[in-house]
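J.: Next come the chains, spelled out residue by residue.
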Amino acid sequence: MPLLKTPAELETFRSELAARRDPETPCISICAGTGCLAYGAAELITAFREELKKQGLDAEVDTRGTGCHGFCERGPVVVIHPGETCYLGVKTDDVPEIVSTTIGEKKIVDRLVYQDPATGESAVREEEIGFYKHQQRHLLANNTRIDSKSIDDYIAIGGYSALCKALTGMSDVEVLEEVKKANLRGRGGGGFPAGRKWEGSRNAPEKTKYVIINADEGDPGAFMDRTLLEGNPHSILEGLIIGGYAIGANQGYIYVRQEYPLAVANFNRALEQAEEFGFLGENILGSGFDFTVDVHKGAGAFVCGESTALMTALEGRVGEPRPKYVRSNIKGLYNRPTVLNNVETWANVPLIINNGADWFTSFGTEGSKGTKIFSLVGKIANTGLVEVPMGITLRDIIFKIGGGIPDGKQFKAVQTGGPSGGCLPENMLDLEVGFDELTEAGSMMGSGGMIVMDEDTCMVDVARYFIHFLTDESCGKCVPCREGLRQIDRILTDITEGRGTEADIATLEELSELAMEASLCALGKSAPNPLLSTLQYFREEYEAHIRDKRCPALSCKELISFHIDPAKCQACLICMRKCPVDAIDGGKNRIHVILQDKCTNCGTCFDVCPKKFSAVVKLSGEPVPEPIPEEERVIVRKKKKKP
Amino acid sequence: MSEKVTLQIDGKTVEAEAGMTVLEAARAAGIDIPTLCHHEKLEPLGGCRLCMVELDYGDWQRHVVSCVFTVEEGLVVNTRTEKVDRMRKGILELLMAHAPDAPQLDALATEYGANPRRFPQDASFCIHCGLCVRYCAEVKRKHVVGFIDRGIRKEISFIPEIAAKECNDCKECFPLCPTSYLQAAFVLVESLAFPRGE
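Chains A and B supply the protein sequences, listed in that same order. Take the first sequence: its letters are residues 1 to 643, numbered as in this note's numbering. Take the second sequence: its letters are residues 644 to 841, numbered as in this note's numbering.
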């Protein structure tokens, strides 16, 4: 491992790498992100290496496990260079054919390329696939080009050139001004301008300052930061070192959740490599700037993503927010000036330094610049990670990139911003995505979770789910959050179980105001968002639950009944056999009837009834029809004619 | 001599020392602000939120807890606005789901028109003011009683080994507890872990 002491040595090393690497050398890139690993990517990598050896190609073909490609829905993703042939859903059984056909004969394996479900058209390269075509990938682009374990890979594609430029070509003030000019806003939730935060710390009189990466990504369904950490850890580290230089901090930290073992391992490895190469330590690249980084693993509390709770936890105390009215960039960790930014924010810094603030502000809206990564999940055809320019509409994300709602269902709502975000209905789909735009609509950017819901989702139950999550994750220090959320959770549970009363909505609004106005930290202050936004856009669903004891989405178990339509039942016995509580009466050639007093509403009969019959129906807010008389239940079938 | 700051609290001009909290300044001037988790010997917790006041900047207002917010020159503070009272009423109603009969809460409920039975009663009557935990740690430096778990499952817990040695001659935390939950918790740990006479 070389110790690079000057910018010239870094550039020499980079050109040596380039000379050693022939871009025409075939390379099989296999996504080794958490999603694809779960699909068996590790076995796939081994299978490719063995197959290449078997076919005598191992000397001329590289294999590489890369970071997440984003199209998790269709993993494991394999891309073959040159030509960037993209295969989706690859299994180990496909390996021999891929090696002999695509590597050997330079031909495409048609059955493994993407086919547009709507048009039926094939797309051979990633960029031709609808999911990727409408994205603008700057932060995620390199994930697919490098092995996240290799600092050589990172340097080969220009890694640490921004650090070199900042440390040796720019003054600390110039770096700060560039980030300010870029109007980079915090990607962790608050959207506070990073440059202003940095400036506050820089100007604070206390000499010892800190920079921290907030990698305590805890929103349900969110995996943006995880993917960056796992796939391209050096880009985040490079951003952090540049930030330290700009504000005058020589010590950095990463607070990373221990539930991300791969992210922790990859970041730790990146730290070791950066130390060996001299990007960390004393006199980095001969600039006279010293910087070290320590890793702190979180112990699983959601509230530790809140800045002051994170710093308290980092100090070794119980991770609860501080009640102070002084910003942590002035008095943060150990009461010293501390810049805390989220993973994605730091990852943007090298891009801004390399390409300039003007490049960064060339895309986005008035108030929100650059790109944003969203994790697109829920009732969506293309689940995965997407990076889009700020200002794109929700409709484009969900329908053009996400491929719309599967199974022919109707779109109902999209929840943005994590558990404290809001649910936006169909008539808000043309909203341009930006920090201020989402907040005005009653939701928020948050860290970039995006959960799509279809017609079968009950919005009261969604609000209950998120409030329950936040009640569970509240640290319990202040009353409006600890006690208020508990009562909101109880009332919402009552409503979804048919015990709602007319006074409930007013009580919910009152408790929401209290939590928003009087809570100690952002967790409590933003917690009512899922409740208030669903009350704003889907109030009639609340009223139906309360007044008619009816769940319009036919989802709340306590408010629905299952019924077998006697005109449709073909007495196929499937539901009868699958019913876990023997609540279905019937038999061969006898129409099946659900015994309502035994039925537990588990929904198994509904799920197993063959689509061509669709005899099982859900009812809500109306009485279940009386079972037809015993003597009318017999089905007389016509005998099949012999051919 | 320390620096003086002049501010207005409820229309009254008040002189305070720089670094004082708004709560201290108000109380020194004879203006009462209710608190449950505040104790002059302890670091502010900012947990009960009852001491919330309005800061009036003319064209905009802001709500802060006065036990933490420090005085500033020219600050205009209102301790009893309609909104502040509404917040306090809400906080009291939430706490009284735990301790509907605690005298201190009862008196405040009367003052703010809070309904002690607004929410279903909970089995635990601890209101998590943390006075016992913080007093034992910060003043006595014994750490006999602490919080365990998080959020709504959080509760105070005595460490029997230390309690057996320290508590019988101290019990200074007993009068601090607004709901007598502490005494109950102590009796329980005493009877289970170190019965008298053993």
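Don't read these hints as lab results, they were simulated from the structure. Given the structure is predicted, the values throughout are model-derived calculations rather than measurements. Quick reminder that beta carbons are idealized off the backbone N, C-alpha and C, glycines included. A few of these clues could be false.
[Said to hold, decoys possible] Here are some of the chain A residues that sit facing chain B, going by a computed Cβ distance under 10 Å: (1) 251; (2) 303; (3) 323; (4) 472; (5) 475; (6) 476; (7) 483.
J.: Does each hint fit the structure? Answer for all of them.
T.: Against the structure, the hints come out as follows:
Taken as an interface hint, residue 251 of chain A does not check out: its beta carbon lies about 26 Å from the nearest beta carbon of chain B, beyond 10 Å. Taken as an interface hint, residue 303 of chain A checks out: its beta carbon lies about 8 Å from the nearest beta carbon of chain B, inside 10 Å. Look at residue 323 of chain A: its Cβ gets to within about 3 Å of chain B, closer than 10 Å, so that hint holds up. Hint status for residue 472 of chain A relative to chain B: holds, with the closest Cβ pair at about 6 Å, below 10 Å.
The restraint placing residue 475 of chain A at the interface with chain B holds, with a minimum CB-CB distance near 6 Å, inside the 10 Å limit. A hinted interface residue such as residue 476 of chain A counts as satisfied when its beta carbon comes closer than 10 Å to some beta carbon of chain B; here the least separation is about 4 Å, so the hint holds. Checking residue 483 of chain A against chain B by beta carbon gives a least distance of about 4 Å; that is within 10 Å, so the hint holds.
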